[in-house]
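**Q** As a plain string of letters, each chain reads:
Number of protein chains: 2
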Amino acid sequence: MNILDKLNELRSLMQAEKISAYYIPTSDFHDSEYVGDYFKGRAWLSGFSGSAGVMVVTLSEACLWTDGRYFIQAEEQLAGTSIQLMKMMEPGVPTVSEYLKQHLQANDVLAFDGRCVSYEAMKEWQQLMPEVVIKTDLDVFDQIWPDRPALPSAKAFLLSDELSGKAMTDKLAAVRESMKQHQADWHLLTTLDDLAWLFNMRGDDVSYSPVVLSYALISMDEVMLFVDETKFDEAAKAFFKENHVKLLPYFEVYSKIETISGKIMLNGKRVNSRLVQLCHEIIDLDNPTTLMKAIKNETELTNTRNAHIKDGVAVSKFMIWLKEAVQHETITEISAADKLEALRREQKDFLELSFTTIAGYKEHAALMHYSATADSDVELKPEGMLLVDSGGTYLDGTTDITRTFVLGPVSDEIKRHYTAVLKGMLRLSMAKFLHGCIGINLDILARGPLWEMGIDYRCGTGHGVGHILNVHEGPHDIRWRARPNTISAVFEPGMIVTNEPGVYIEGSHGIRIENELITKCSETNEYGTFLAFETITMAPIDLDAVLADQLSDSERNFLNAYHAQVYTKISPFLNEGEKAMLKHYTRAI
Amino acid sequence: MNILDKLNELRSLMQAEKISAYYIPTSDFHDSEYVGDYFKGRAWLSGFSGSAGVMVVTLSEACLWTDGRYFIQAEEQLAGTSIQLMKMMEPGVPTVSEYLKQHLQANDVLAFDGRCVSYEAMKEWQQLMPEVVIKTDLDVFDQIWPDRPALPSAKAFLLSDELSGKAMTDKLAAVRESMKQHQADWHLLTTLDDLAWLFNMRGDDVSYSPVVLSYALISMDEVMLFVDETKFDEAAKAFFKENHVKLLPYFEVYSKIETISGKIMLNGKRVNSRLVQLCHEIIDLDNPTTLMKAIKNETELTNTRNAHIKDGVAVSKFMIWLKEAVQHETITEISAADKLEALRREQKDFLELSFTTIAGYKEHAALMHYSATADSDVELKPEGMLLVDSGGTYLDGTTDITRTFVLGPVSDEIKRHYTAVLKGMLRLSMAKFLHGCIGINLDILARGPLWEMGIDYRCGTGHGVGHILNVHEGPHDIRWRARPNTISAVFEPGMIVTNEPGVYIEGSHGIRIENELITKCSETNEYGTFLAFETITMAPIDLDAVLADQLSDSERNFLNAYHAQVYTKISPFLNEGEKAMLKHYTRAI
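Residue numbers (the working numbering), protein chains in the order written: chain A, 1 to 589; chain B, 1 to 589.
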């Protein structure tokens, strides 16, 4: 079936059901960022494989919205499919809501699977288009996708308190404290990373995200966890029983929620609209677990530092291998990514990659979230640069690191761009700022050196990172524009955030350098509490494209001190030959 | 009458009227920032002379709220008055609303003059304390302030199009365009600077602010301007008549508004609650004139640059005089301020100072908005520093400039602080940034060098400046924390903003360096439109406290280029001796 056939199939079904527009998010029942294969109907239907994108199909048009990270990739993958690319946030491009409002008349039917659409989105459309009929119970992929994958059934396990740093019972007590504060009788929790954090459980139900498909309903004296209990071993089931957590079948939440009386606290931006429609009375608030989870405890921080040393050993070995091997061996983007994965797998307590490795050579690196396919894969040569954005989840933490490796001669322009990216990354790493700042206050530190050159990167500068969890998490981030309807959280000690400015020149090159930072207390005085960052990513930043004379003294000193630390922490895990190379790659400049 | 007597007088009146709490803002009928003498009841009652502060008096307590600029001054002036200082934004200090909520019981009466309190504030209190009786028609100062000044009756005049750059009729057309867009039948405008801008009129009804007490009601075919028409000459009256602007008595707006049918567009945050209560139907929006006024036209920009040269000549002459004369003459804070005023008055088309000159020597400069009085005035010595924040309004524009002059030896700590302030001021001046940025994105450029030292200044970094108008205007600003319920405007080409980081060490010293910047288009490319700043303030920055080795190359180059420009523009207006000194003060470092 090609894309046009699939669209025809969908439109036949729409005509039969008298539907004018069918909306397809990239979403599971839990508003997860990455979704299991069962939920990848948009990718199957459109051929666009990026992780972010939503579609609207009408009887005459099909449109796909995605963000700046994916413009180039989506243009290529949608060519010839009849699907129009809608570049989000670009001038003149309607939002999904604006598009629907323009294209739907009174009594037209807009349909979607309400379990995959948030309550907020549905509410917005109801208010915007009161004359349009909204149908929320149609999952077309059940009918038009012949070999749709099954829902996942991976095994799940519990984290010991030594790994989580905080017992489930303590976390439940904190959630109940928040419920009291907001006078809630129940809390409905549906976001998978919040559930994994709260119950100290991990699984493998979504690629790269060690979560367990589940829902929870919590009152002051009851906890119901809706999950396929066969995923757990007997010890885990006994633990839940002992601690009064009742396990109920995964889908039973939809019938249970109807029977609940009292005020239900939930996050209407994240809970699916079907569930909210079944609630009698809600208190719409951010999940308290989101902030609790973002502020890592001392155990999580200590373990995460350790995960970054293991991850840094893998990346350092990869760098040493790559820069030498590319001179005489046949290496491609995919084989390089495989090599790096193999090096990570050698590390103790490695669980899985934290996301699909991005290994983009030369102009491929300009595609911000490029993922090589058999078709696109190219051989690396001893020239230009390879951008590698990758990470691992270990039993002690999750990592996210980008390095752009210099494989041979690069142009002066590339060196200027590389140096500006590095300057931005360093300036943000060195920041000291008053408590109360959000990412919008800090973004210009990383982005400024590029803006000075008239260059921007069309994405944020940084995101939170989960602990043995999702590689992207909130509620804090670093970006220059506020997200609509969302207030980024104030930085608190214990929050981890990435620092990843970049340059993306279409058809030419892409550069990104990414370290992870822990937010720490720097000093408290009459002005308030000053915070600063501790860099925890431990791998060399390729010096071969750095124009050292363009670094300020403080930038240069910080870089040299960082590299000295990388050598100290990573070299004990290397052989003599590798040590010598690491010494060179971490040389003071 | 001392403060305690005045409070007793007020409380007797409150008891007679059965009032539990009387609220006293620092506000006129137009929510002006600086108010005429008639409206300075708070200063008269409390003895606190700062420009910002509100009071609540109950039968047993009296409290005064002010912001960080005034903490030190207020502490001194309120000592022994029984009035408690409430430090706004400090941890644990209740807001006015929280205080009222805590102290008022059901059926208690909260009273104030509704003409001096915004609709927003009154609405908030009604919602917060539905059980409290709110009385809005009591102006106690009519009864307890024996020698209350009269309302001002200064002459007013019209600006020619050569001075305003845009005819009143064009401005009215733009306002009507906005009214159409918002489906408004009427627009009620009450903010004096907006009125002055819209009608191209200027006057002298508020100290330092060349505005005219007035209100306007505008429909698609009518314009009513409520103003004491004796303020205008016959030509002005004829001009208004020709252009169908009907002049009506100032207070008549209160009876007229009751007769209006149709939707009235107004800014509920700024219009007084008495007026809004008299409206039948409102559309609550920011005044369209606020943004229009902030984006200066080419005439205004050209004229403003010229005003800054004249102002720079006065400040440069002052600096040359001061640094020499302090070695052997008797100079005090007040006499120095007088000298500077005299130098400004020598300049062509000078109208008045744009605010009270702040001339603070040594530790007085730590009081952010210090204004010397006969009691506080001190003699300057050839040591330490004098902070001078001042400005003028000329027929071609309004200025605001701060320089901190080195009068003799200063400590190494002062030099470190001075250099950090300078670095911040320069970094912000050099910023290049994408259109879409607000001040919150940029603030850390100015504040960062101080934060690095664990120092903060408890105020914003910059504000808009009016054109022959208020020295403080919005809707843009530069600050790191969002103001509650206010969204700062995105920077647009043509906006003027101040750049004034500082260090304030209580009991020791204060440093502020302030230039004004024009926002300009830098380049437009595939990433969007990049903006940058043009520095228009033209006076030397005292180099005698600069630690040159702490400036980066780009900071040093920018400073040297700025000083070269100051010399080029200012020296033609100086005598030979002054030129030589200016050459020295603008030397490259």
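Since the hints were made in silico from the structure, they are not lab data. Treat the hints with care, since some could be wrong.
Pairs involving identical chains hold if they fit within one copy or between any two copies, as the list cannot separate such chains.
To be verified - Each computed DSS-like pair below joins lysine-lysine, with the alpha-carbon atoms no more than 27 Å apart:
hint	residue 1	residue 2
1	K155	K579
2	K269	K583
3	K339	K569
4	K6	K237
5	K246	K40
6	K520	K171
7	K166	K381
8	K101	K180
**Q** What are the numbers of the hints that this structure violates, sorted from low to high?
**A** Per hint list: 1, 2, 4, 5, 7 violated.
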